[in-house]
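Line by line, the protein sequences give chains W and B. If you use this note's numbering, the first sequence closes out at 404, no skipped numbers anywhere. If you use this note's numbering, the second sequence closes out at 404, no skipped numbers anywhere.
It is possible that part of the hints are untrue.
One copy or any two copies: either way a pair holds, since identical chains are not told apart in the list.
Stated by the list, open to error - 27 Å max Cα-Cα, derived DSS-like pairs, lysine-lysine:
1. Lys365 / Lys403
2. Lys354 / Lys324
3. Lys349 / Lys365
4. Lys389 / Lys365
FYI, nobody ran anything at the bench for these hints, they're computed from the structure. The model shown is predicted, which means the values in this text are computed figures rather than measured ones.
Number of protein chains: 2
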Amino acid sequence: MKLKELKNRLNEKEKGCDFSLHRVSRFIQPSILLFLSKGPSYGYELIEKLKDLGFHEESIDIGAVYRTLRKLEKEGFVKSLWKTSGARRKRVYQITPHGKTLLRAWVKRIKERKLALESFIDFYQGGKL
Amino acid sequence: MKLKELKNRLNEKEKGCDFSLHRVSRFIQPSILLFLSKGPSYGYELIEKLKDLGFHEESIDIGAVYRTLRKLEKEGFVKSLWKTSGARRKRVYQITPHGKTLLRAWVKRIKERKLALESFIDFYQGGKL
DNA sequence: AGACATATATGATTAAAACATATTATTAAA
DNA sequence: TTTAATAATATGTTTTAATCATATATGTCT
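Let's have the full structure, built from the sequences with the hints guiding it.
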């Protein structure tokens, strides 16, 4: 219950401050594909990995992670199997060849976006376009 | 009419291709603030400047630019005046101190985001988190 | 006259994000 | 030993944003 309260407190702050900026949600799909390209994983673990990528806990929408996984599967970019052998049952996902192609497209765009952000910062700091 | 057809054609393609990725729209607000921090400007000119920032014509939603301007004004980040002296009337915008503060916040977040994109790319290319 | 560029704006639909909550099982600690 | 916390997956609702389309007016060029 402590965490949820903290989360709510943080959200209030952001509402008071009028600008919301990019949320992490948009980054969930490519991140999941990236992680799965390194090996099979499952929802809960992927959330942990997102934190490693530098997203703080409060900015990750857990529900969005699971929804994204199901959507990716529906579209053939990943596939899943229930794993019931361990202590807990978990739905383990694997990336498909189709998914790898999608990831490559993401990487291309992310590189472009990185350049755009760089030129934004340069321009802010007095550079020219 | 030619441009509109081209635009529609491109949109069809993106629909067929299932992933939509980040749209430019989210970048409109900070870009406008950035441009206005360099001096007064108006909608149509800001759209031209967006193209200079590296966005291709088809990905800019003209309507969104004007809507963003009105919203920014409503919230006190910019202010506008009709300029009727030239050949055409135009609504010229200026950034406010409040707007400059918002821009600084954007820059901070954009720097963070840039780092996130870099670590994404590194990791894709075999790096560690 | 007709096409194209300049200039601003809004209406409607669709998609996504944000927020909240539900459920079940397991382990740790009071 | 029952409470609290963590592991694990999932969905319902509401709010916000994006997409697409269209309206309008004036000026310039051929």
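We went through each hint and held it up to the structure:
1. Lys365 / Lys403: Answer is between: at 25 Å across copies they meet the 27 Å cutoff, but 52 Å inside does not.
2. Lys354 / Lys324: within (19 Å within a copy, 43 Å between copies)
3. Lys349 / Lys365: Within one copy, since 18 Å is at most 27 Å while 49 Å is not.
4. Lys389 / Lys365: Result: close neither inside a copy nor across copies, 35 Å intra and 33 Å inter.
Of the hints listed earlier, the one the structure fails to meet is number 4.
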